[in-house]
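Asks: Sequence:
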Amino acid sequence: MRRRGRAFFDRPTERVARELLGHRFVVRDRRGIRSVRLVETEAYVAHDPANHAYRGPTRRNRSMFLRPGTLYVYRIHQVVCANLVTRPGEAVLLRAGAPLGEVRDRPSGPGRLCRALGIRIEDDGADAARGRKFLLFPSRGRRGPIAVGPRVGLRRARARRLRYLLLESPWVSRPRPRGRGRRLTSASPSGSRAGAKSRRSRTTRRRPSGGGRSGVRSVGR
DNA sequence: CCTCGGATCAGCT
DNA sequence: GCTGATCCGAGGA
3 MRRRGRAFFD RPTERVAREL LGHRFVVRDR RGIRSVRLVE TEAYVAHDPA NHAYRGPTRR
63 NRSMFLRPGT LYVYRIHQVV CANLVTRPGE AVLLRAGAPL GEVRDRPSGP GRLCRALGIR
123 IEDDGADAAR GRKFLLFPSR GRRGPIAVGP RVGLRRARAR RLRYLLLESP WVSRPRPRGR
183 GRRLTSASPS GSRAGAKSRR SRTTRRRPSG GGRSGVRSVG R
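In this text, residue positions in the first sequence follow our numbering: the first is 3, and each later residue adds one.
Since the hints were made in silico from the structure, they are not lab data. Please note: incorrect hints may appear among the correct ones.
Claimed, not checked - Pairs of lysine to any residue, SDA-like flavour, derived with a Cα cap of 25 angstroms:
1) K135 x R4
2) K135 x P177
3) K135 x A161
4) K135 x R108
5) K135 x F10
6) K135 x E21
7) K135 x V81
8) K135 x R13
9) K135 x L68
10) K135 x R33
11) K135 x G58
12) K135 x C83
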């Protein structure tokens, strides 16, 4: 089966993110060949405050402005995460995969996926559309139903549903949808806010949680 | 320069 | 569910 080339990535980011599900992502180097079947992605698009390229090119995000199919690798909290660039300033975060063959550990979560595949910060800027080290192959056979939901771990742009996952995969990084139509959000009385603003360091600041639900919804195939 | 939040994760309640 | 680790990049408090 032929690898994905430039044209595959040079399309609207949401579409690429969705179609990447089921693809085989292969890393080849001296240590050997490692690969996963992608089961979870997120799109980072133009005019998106959560996008690293939101304010234009910087040294860190410069590979987001290279050719479609470029690997954009960044580090957060000592953890490395990888994206595939689509159009300038847009990319798809690789969040989870199902292991194929020998993989060190569970590739569930963007940091864990990179660790399992041996992707390092030095791989930033590599060309996955043509290079020898990173290759993408279309899925064989059926892919299964897809779900869409809010992206993980963001403070900004939480409303957008740009996370894509294979509904039936046990390798996704976070909970799959609950039962249909289930509502756990109780209408909260307006006066019931916590009174005392406790002092929190920036690292302990509470993240706005989605009310306990994953927010992911099934969206068919 | 200095500040501060972060596309995470492991580990705990 | 919640917390802290731990340090870098981006922006200007």
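Asks: Against the earlier hints, flag every one the structure doesn't satisfy and list their numbers going up.
Replies: 2, 3, 11
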